[in-house]
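Asks: So for the sequence shown, the numbering used here puts the first residue at 1; every next one is plus one.
To be clear, the hints were calculated from the coordinates, so they are not data collected in a lab. Hints are supplied without guarantee of correctness; some may be wrong.
[As the list claims (entries may be wrong)] Heads up, simulated SDA-like pairs for lysine to any residue below, C-alpha to C-alpha not over 25 angstroms straight-line:
1) Lys75 - Thr14
2) Lys71 - Asp125
3) Lys191 - Ser175
4) Lys75 - Ile180
5) Lys191 - Arg10
6) Lys394 - Ile223
7) Lys75 - Pro190
8) Lys200 - Asn214
9) Lys75 - Ile86
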Amino acid sequence: MTKTKASSIRILLTLSGLTFLGPFALDAFLPAIKDAAQDLNTTEGQIMISWGMLAVGSGLGQIFYGPISDKVGRKPVIIFGLTLYIITSAISATVTSVEPLFFLRFFQGLAVASSMIMMRSVVRDLLNVKEGAKLFSNLFCILAFMPIIGPVIGGYLTNQFGWESLFIGMALASSISLIIIIVFLDESLPKKDKNALRPKILMDSFKEIISDYNFLTFLLIGIGTYIGLFGVLAGITTVLTGSLQQNAEMVGYYISTVMVGHFVFAVLAGAIIQYLGINRIIFIGTLTSLFGATILGWWALNGTTTIYTVLIPTTIYLMGFALTLPAMSAGAMSNFQHMSGRASSLLGFIHQVAGALTAIIIGFVVDGTQIPMAIALFIGSLFAFLIYIIRISKVRFED
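Make the full structure from the sequences, and use the hints.
Replies: Structure, rendered in structure tokens:
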């Protein structure tokens with residue numbers, strides 16, 4: 001085994017525990033939305049808005065964690081984020097109305113952001129573009145597996161112990177991850193940047209990053225894919241519990257079924273990305289997502305709402321998303337090894353805000369049908385595909 005391969009395996013094993021934070025907070029809670037709304041004497045739309053606040057916090061957190069980590073290192077930021085995740089999860093299990101949940105989920109989102117940003121930064125610190133793309137694919141493969149088991153666990157716990165038990169599970173799981181990080185993760189930042197948090201330097205850095213052609217291209221593609229992703233996450237539960245009248249446990253199983261396709265194609269992305277290259281993978285991924293979104297929209301406009309007409313096109317969309325995500329991340333970060341924390345922050349911030357706005361809008365207009373979800377998927381996937389067609393020819397990579 002080569003030194004590079006051994007290093008990649010160690011990084012993968014150490015960081016893999018961070019991949020569950022976002023999916024557990026997002027996906028595992030989806031089957032509990034209806035029960036939480038009933039227990040807190042509110043609407044499913046209000047619970048969806050609180051769920052969207054998690055995405056808002058995640059987006060805002062990412063704009064700060066990168067520069068902070070460029071100054072103090074990656075490991076302290078990860079430890080802070082995990083600690084905040086544990087605290088907010090534990091308190092969320094005790095709320096008796098929806099209003100505190102808005103704030104708690106926002107701060108939980110801030111915690112989730114640290115893991116998302118630091119995974120990208122640690123990988124970019126230690127590996128070149130091609131090796132990083134491979135490891136990103138493996139990490140996103142693990143990330144793709146979590147939504148398979150998350151909804152099943154969420155549905156089961158909600159039915160057996162109530163929706164509050166989900167937050168207790170989040171606190172316990174993140175405590176284990178914290179111990180692993182403290183014991184096994186070495187600091188990856190080669191040189192700390194004492195000026196990383198100075199406002200002028202920070203703004204100049206963001207200007208340099210956003211002006212980079214590669215970064216802007218993959219950023220825009222990612223905006224489209226995240227609009228669709230959050231359209232799925234925010235919309236599918238209300239369709240299953242509304243038009244299709246499914247209980248929490250069955251919702252968990254159905255969402256898990258959809259995520260199997262996501263997982264399979266995340267594994268496929270890891271296997272083929274070094275052979276086909278970033279650009280070709282993204283073409284296949286964005287086209288696949290657009291195809292799934294178009295089918296969902298067609299059935300929605302025709303008023304055809306069944307388990308199959310919802311789950312099949314959604315699965316196709318997520319297959320494309322799974323192909324696109326790791327390649328998009330590696331491509332966007334390709335020119336910024338010297339300030340990967342700030343580049344990762346800006347990328348994550350804009351993507352999460354786009355997703356959060358999608359979720360909150362769906363929370364306001366949710367009607368139990370697949371139409372809001374179908375609109376989000378079609379707009380997002382069409383935007384991503386058009387950006388690819390228009391801009392990809394001028395993208396260039398260097399190791």
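Asks: Does Lys191 pair with Ser175 here, judged by a C-alpha cut-off of 25 angstroms?
Replies: 29 angstroms, violated
Asks: Sort out whether Pro190 lies within 25 angstroms of Lys75, counting only the CA atoms.
Replies: Holds. Lys75 to Pro190 sits at ~12 angstroms (cutoff 25 angstroms).
Asks: Could you grab the alpha-carbon distance between Lys75 and Ile180 and see if it respects the 25 angstroms cut-off?
Replies: 12 angstroms, holds
Asks: Need the status of pair Lys200, Asn214: alpha-carbon distance at most 25 angstroms?
Replies: OK: Lys200 and Asn214 at ~23 angstroms, within 25 angstroms.
Asks: If you draw a straight line from the CA of Lys75 to the CA of Thr14, is it 25 angstroms or shorter?
Replies: At roughly 12 angstroms apart (the allowed maximum being 25 angstroms), Thr14 and Lys75 satisfy the hint.
Asks: For Lys191 and Arg10, compute the direct alpha-carbon distance and say whether it is at most 25 angstroms.
Replies: 21 angstroms, holds
Asks: Hint check: Lys75 vs Ile86, CA-CA at most 25 angstroms. Holds or violated?
Replies: Cα-Cα ~17 angstroms, so holds.
Asks: Going straight from one Cα to the other, do Lys71 and Asp125 come out at no more than 25 angstroms?
Replies: 14 angstroms, holds
Asks: Please work out if Lys394 and Ile223 have their alpha carbons no farther apart than 25 angstroms.
Replies: Measuring from Cα to Cα gives roughly 19 angstroms; hence the hint holds.
Hint violations for this structure: number 3 only, all remaining hints satisfied.
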